[in-house]
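Novice: Chain by chain, the residues run as shown.
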Amino acid sequence: MKYFDEYRDEQLAKNISRQLKETVTQNWTIMEVCGGQTHTILQFGLEQLLPPNVELVHGPGCPICVTPLALIDKAIAIAQQPDVIFCSFGDMLRVPGSKSDLLGVKALGADVRAVYSPLDCLAIAQAEPERKVVFFAVGFETTAPANAMSVWQAKRMGLNNFFLLCSHVLVPPAMSIILESSSNRVQGFLGPGHVCSIMGYKEYIPISRQYRIPIIITGFEPIDLLEGILRCVIQLEEKRAVVENQYGRALTEQGNLAAQALLKEVFAIIDRPWRGMGVIPKSGYKLNSEYKQFDAELAFDVGSVDTVESSICISGEILRGVKKPVDCPAFAKQCTPENPLGATMVSSEGTCASYYKFSRLEKKEASHV
Amino acid sequence: MCLAIPGLVEEIFHKEGLTMAKINFAGMRRSACLEYVPGVKTGDYVLVHVGFAISVLDQEEAQRSLDLLKQTGEVNSFKNELDNARDYT
Numbered sequence: 009m010k011y012f013d014e015y016r017d018e019q020l021a022k023n024i025s026r027q028l029k030e031t032v033t034q035n036w037t038i039m040e041v042c043g044g045q046t047h048t049i050l051q052f053g054l055e056q057l058l059p060p061n062v063e064l065v066h067g068p069g070c071p072i073c074v075t076p077l078a079l080i081d082k083a084i085a086i087a088q089q090p091d092v093i094f095c096s097f098g099d100m101l102r103v104p105g106s107k108s109d110l111l112g113v114k115a116l117g118a119d120v121r122a123v124y125s126p127l128d129c130l131a132i133a134q135a136e137p138e139r140k141v142v143f144f145a146v147g148f149e150t151t152a153p154a155n156a157m158s159v160w161q162a163k164r165m166g167l168n169n170f171f172l173l174c175s176h177v178l179v180p181p182a183m184s185i186i187l188e189s190s191s192n193r194v195q196g197f198l199g200p201g202h203v204c205s206i207m208g209y210k211e212y213i214p215i216s217r218q219y220r221i222p223i224i225i226t227g228f229e230p231i232d233l234l235e236g237i238l239r240c241v242i243q244l245e246e247k248r249a250v251v252e253n254q255y256g257r258a259l260t261e262q263g264n265l266a267a268q269a270l271l272k273e274v275f276a277i278i279d280r281p282w283r284g285m286g287v288i289p290k291s292g293y294k295l296n297s298e299y300k301q302f303d304a305e306l307a308f309d310v311g312s313v314d315t316v317e318s319s320i321c322i323s324g325e326i327l328r329g330v331k332k333p334v335d336c337p338a339f340a341k342q343c344t345p346e347n348p349l350g351a352t353m354v355s356s357e358g359t360c361a362s363y364y365k366f367s368r369l370e371k372k373e374a375s376h377v
Numbered sequence: 291m292c293l294a295i296p297g298l299v300e301e302i303f304h305k306e307g308l309t310m311a312k313i314n315f316a317g318m319r320r321s322a323c324l325e326y327v328p329g330v331k332t333g334d335y336v337l338v339h340v341g342f343a344i345s346v347l348d349q350e351e352a353q354r355s356l357d358l359l360k361q362t363g364e365v366n367s368f369k370n371e372l373d374n375a376r377d378y379t
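If you're matching them up, the sequences are chains A and B in order.
Heads up: the first sequence runs through residues 9 to 377, numbered per our numbering.
Heads up: the second sequence runs through residues 291 to 379, numbered per our numbering.
It should be emphasised that the hints constitute simulated quantities derived from the structure, not laboratory data.
A hint or two may mislead.
Stated by the list, open to error - Result set (DMTMM-like, lysine to aspartate or glutamate): computed pairs, CA atoms no more than 25 Å apart in a straight line: (1) K331/A with D309/A; (2) K332/A with D99/A; (3) K360/B with D314/A; (4) K10/A with E300/B.
Could you build the full structure based on these sequences and the hints that come with them?
Specialist: Pasting the structure below:
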């Protein structure tokens, strides 16, 4: 299929791999920011096509992973309220809270539904006007416009039984936090292609300049990632630090202006806590005062919820690229996708979950790229 | 989570005041909202994320970058691009 097959071409992958080997002269550590990129790298065994002195570390770009446990507990508490229909993207339903998960409370009688799009919730709210429909709005800048449209449209339709439980996070502040850390190892970034389809890449220019670090905005197919790595290594070898756009077919420097306009209309930027990373200043969205009637945190008082995080889990260091899953004593022992102890194992795009799923591939040749 | 899939815009329609389309994803058809890609036409390819088209794929740019990758001296092409890029440092 168009836009798939040509980016999975084995010969092209081998060509880029050869060029990489001819270009690199010293050790470099590159972080791919997005969980989707991590998933592709492990799924296709791309690390086996890299020279041994190019190391990939995996970034914090899995929004489900970084959603605070306290908010998941709050979601579960809201889902158990009478008259609530609690809607979420499917991958959020299995994420464990302190005591249960959304599927668990569904089994006990709560009305929990997986939806494809936040617009689906509006149809449900229209069909069931006497009930309250709550959507768990999780995601980065890629997903925020869809959720913004849902409340904008709800206001236009005069719906008063639709609410967002909002946990939106923003990528650039997290990259700055990683670079500020005294234990930072990252020398180059593969930037988040779909986030930049929405936001463009102007925000990344001051980061590249301030920290003298190359940032290659990169797509999600194997050829995209290999090209992004090659471009990054070329910059590192040439001692350059520029923002480049590898994913030109999907984004421009200015991004999607229509989406940015609605984000501005609906959301305000706030400090947000990231699971495993703590509170990051100006790193998230909440509904602004014009749209506060749709804010589930204001509409539902579920009291304070006791949350308990694992003490062994090292997901904070994994999210910052300081450690890898194999450095954790609990990885694939006490901590598995069925029984995750922390952020990076809870979603299929989390670094630990990707390592767990694809570890069998590491021993084989990457022959199926 | 930020997964976005390329699909072909087959039929544009309106629902509840929103511009929508039937999108063909390699034979599977689903609806998506087109409000964020004003001016998109049937026959265009769009990237779809959670039921929203978030960008129109640029076929010429896609071809140009694939051609660049297929050249034998792609490192030199990338270096040339880098030299032409604005240097922010």
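Novice: It remains to establish, for every hint, whether it holds in the given structure.
Specialist: Status of the hints after comparison with the structure:
1. A distance of roughly 38 Å separates the Cα atoms of K331/A and D309/A; the hinted pair therefore is violated under the 25 Å criterion.
2. For the proposed pair K332/A and D99/A, the alpha carbon gap of about 23 Å is at most 25 Å, so the pair holds.
3. Among the hinted pairs, K360/B with D314/A is inconsistent with the structure: their alpha-carbon atoms are about 56 Å apart, more than 25 Å.
4. Between K10/A and E300/B, the direct Cα distance comes to roughly 15 Å. Compliance with the 25 Å bound is thereby established for this hinted pair.
Taken one by one, the earlier hints fail for this structure at numbers 1 and 3, listed in ascending order.
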